[in-house]
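Chains as they are written, first to last, in the numbering used here: chain A, 1 to 112; chain B, 1001 to 1117.
There's no promise every hint is true.
[As the list claims (entries may be wrong)] Estimated spans, in silico, between C-beta atoms of each pair:
1) A/Y39 <-> B/S1084: 36 to 46 angstroms
2) B/R1113 <-> A/R107: 11 to 21 angstroms
3) B/G1040 <-> A/K56: 39 to 49 angstroms
4) B/Y1095 <-> A/G83: 33 to 43 angstroms
5) A/D1 <-> B/G1016: 25 to 35 angstroms
For the record, the hints were derived by calculation from the structure and aren't laboratory data.
Since this is a predicted model, take the numbers as computed values, not measurements.
All C-beta atoms in this analysis are idealised placements derived from N, C-alpha and C, irrespective of residue type, glycine included.
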Amino acid sequence: DQQVKQNSPSLSVQEGRISILNCDYTNSMFDYFLWYKKYPAEGPTFLISISSIKDKNEDGRFTVFLNKSAKHLSLHIVPSQPGDSAVYFCAASDNAGNMLTFGGGTRLMVKP
Amino acid sequence: NAGVTQTPKFQVLKTGQSMTLQCAQDMNHEYMSWYRQDPGMGLRLIHYSVGAGITDQGEVPNGYNVSRSTTEDFPLRLLSAAPSQTSVYFCASSYSGASGLSTDTQYFGPGTRLTVL
């Protein structure tokens, strides 16, 4: 059973609008969360992270929100740009920090 | 810095053959890991290492071996390839970052696409 789930396989957004990517987890031992971005034929690249002691972390156009009681996190991209078109993976780690569990990914398409 | 490099980029094997996927990093990272990516499954951890001489199993270790004799290199061995091992394989390395966690801010290689017939 997948402990980290991204229930939307794909998302299409108009350029300039907000993109919201969602992620749910089941393991209450997870306390550090990351988002990675992946272009075709390349390895994933780190985007943004959040610790469970926070409920929001912001980096430029990217903001991650964490709702621990709901075991839910989301990535907001504002404004969306065509170059943001990629597959986005959320990942979770427990406090031992040696293993990451990834979600299945969401393919974001930003239309000009 | 070259970052994380992986060879080969593509490989086709027959069932039962063995091979080694190479991974090297030049960032002096202690933590290295191997993942496989399958459609809809995200990335799944195969094996990881927290330093030279130390390795441990991840989520899907069966059919794979690793060793870590140096900080720089972390090869993945398929002892007897099976069609179920057809996948894209990614190697990653990381430093602890602000969180202090080994898996914070991992740097991934470009991947090896493996097909087992």
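Consistency of beta-carbon spacing, A/R107 to B/R1113, with hint 11 to 21 angstroms: holds, 19 angstroms
Return holds or violated for the Cβ distance of B/Y1095 and A/G83 against the range 33 to 43 angstroms. Taking Cβ atoms as reference, B/Y1095 and A/G83 lie about 27 angstroms apart, which means the hint is violated.
Per the hint of 25 to 35 angstroms, is the separation of the Cβ atoms of A/D1 and B/G1016 within bounds? holds, 32 angstroms
Can you let me know if the beta-carbon spacing of B/G1040 and A/K56 is within 39 to 49 angstroms? Once the Cβ atoms are compared, 29 angstroms apart, the range 39 to 49 angstroms for A/K56 and B/G1040 is violated.
Starting from the hint 36 to 46 angstroms, judge whether the C-beta atoms of A/Y39 and B/S1084 obey it. violated, 27 angstroms
Checked against the numbered hints given earlier, the structure breaks hints 1, 3, 4 and satisfies all the rest.
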